[in-house]
Amino acid sequence: MIIKINEIQLFGYHGLYEEEKENGQNFIISLSIDIDYMDNNDKIENTLDYTKILNEVKDTFNQKRYNLIESLAVAISDNLMTNKKIKSLDISIKKESPPIDAKLSSVEVNLRKIR
5 MIIKINEIQL
15 FGYHGLYEEE
25 KENGQNFIIS
35 LSIDIDYMDN
45 NDKIENTLDY
55 TKILNEVKDT
65 FNQKRYNLIE
75 SLAVAISDNL
85 MTNKKIKSLD
95 ISIKKESPPI
105 DAKLSSVEVN
115 LRKIR
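Residue numbers for the sequence shown follow the working numbering, so the first one is 5 and each next one is one higher.
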């Protein structure tokens with residue numbers, strides 16, 4: 005079964021450039037998590053608690069400042085993969101206002117982790 009948590013909106017100070025570190029910016033994180041779930045007993049113990057996953061993402065996001073969103077994606081995915089219920093996960097992180105002299109809506113990294 006695939007569980008998707010779409011477009012978690014967080015404000016942070018991740019980035020390589022001083023203006024990113026000083027002013028911060030919006031980030032959008034989405035997850036697609038593959039778990040073994042073939043039960044029909046309607047108990048949270050047999051799946052993932054979305055609230056716990058969201059809290060883990062926020063904790064990792066706020067724990068330290070990363071220069072690269074690539075490193076942030078690795079840190080979040082490594083943290084989530086400690087949950088043995090997760091077979092694989094895909095994470096995307098969008099930076100909405102990168103300090104790039106171009107007209108664009110965002111930059112994004114995508115990472116897949118497989119157990």
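There could be a bad hint or two in this list.
Said to hold, decoys possible - 30 Å max Cα-Cα, derived DSS-like pairs, lysine-lysine:
#1 Lys89 x Lys25
#2 Lys107 x Lys89
#3 Lys47 x Lys62
#4 Lys88 x Lys47
#5 Lys56 x Lys107
#6 Lys25 x Lys88
#7 Lys56 x Lys8
What the hints assert, rightly or not - Ranges of calculated distance between the beta carbons of each label pair, as one might list FRET restraints:
#8 Glu60 x Asp40: 30 to 38 Å
#9 Ser109 x Asn87: 29 to 37 Å
#10 Ala79 x Lys107: 13 to 21 Å
#11 Leu20 x Asp40: 19 to 27 Å
#12 Ile32 x Ser92: 28 to 36 Å
#13 Leu72 x Lys47: 15 to 23 Å
#14 Asn50 x Glu26: 20 to 28 Å
#15 Asp43 x Glu100: 37 to 45 Å
#16 Lys68 x Ile104: 19 to 27 Å
#17 Asn45 x Lys25: 45 to 53 Å
#18 Tyr41 x Leu20: 35 to 43 Å
#19 Asn45 x Asp105: 53 to 61 Å
I should point out that these hints are in silico values taken from the structure, not numbers from a laboratory.
Quick reminder that beta carbons are idealized off the backbone N, C-alpha and C, glycines included.
For each hint, the structure was consulted:
1. With a C-alpha separation of about 35 Å, the suggested pairing of Lys89 with Lys25 is violated against the 30 Å cut-off.
2. Only pairs whose Cα atoms come within 30 Å are accepted, and Lys107 paired with Lys89 is rejected, the gap being roughly 41 Å.
3. About 25 Å separates the Cα atoms of Lys47 and Lys62, which keeps this hinted pair within 30 Å; it holds.
4. The suggested pairing of Lys88 with Lys47 holds, with an alpha-carbon distance near 17 Å, which does not exceed 30 Å.
5. Taken as a hint, the Lys56 and Lys107 pair is broken in the structure, with Cα atoms around 36 Å apart against an allowance of 30 Å.
6. At roughly 34 Å between alpha-carbon atoms, Lys25 and Lys88 are farther apart than 30 Å, so this suggested pair is violated.
7. Between the alpha carbons of Lys56 and Lys8 the distance comes to roughly 14 Å, so the proposed pair stays at or under 30 Å and holds.
8. Between Glu60 and Asp40 the CB atoms are about 19 Å apart, so this pair departs from the stated range of 30 to 38 Å.
9. Evaluation of the 29 to 37 Å hint for Ser109 and Asn87 yields a pass: the beta carbon distance comes to about 32 Å.
10. Separation of Ala79 from Lys107 is about 30 Å and departs from the stated range, judged on CB atoms against 13 to 21 Å.
11. In this structure the hint that Leu20 and Asp40 lie 19 to 27 Å apart at CB is violated, the actual value being about 39 Å.
12. Between Ile32 and Ser92 the Cβ separation comes to about 21 Å, which falls outside the hinted range of 28 to 36 Å.
13. As the Cβ distance of Leu72 to Lys47 is approximately 39 Å, the hint placing it in 15 to 23 Å is violated.
14. At about 45 Å, the beta-carbon gap between Asn50 and Glu26 misses the expected band of 20 to 28 Å.
15. Checked against the given bound of 37 to 45 Å, the beta carbons of Asp43 and Glu100, roughly 38 Å apart, stay inside it.
16. Distance hint check: the CB atoms of Lys68 and Ile104 are about 24 Å apart, consistent with the given range 19 to 27 Å.
17. Distance hint check for Asn45 and Lys25: the Cβ-Cβ separation is about 48 Å, which falls inside the suggested range of 45 to 53 Å.
18. One distance hint, 35 to 43 Å for the beta-carbon pair Tyr41 and Leu20, holds here, with the actual separation near 39 Å.
19. For the hinted restraint 53 to 61 Å between Asn45 and Asp105, the CB-CB distance of approximately 55 Å keeps it satisfied.
The earlier numbered hints that this structure contradicts are 1, 2, 5, 6, 8, 10, 11, 12, 13, 14.
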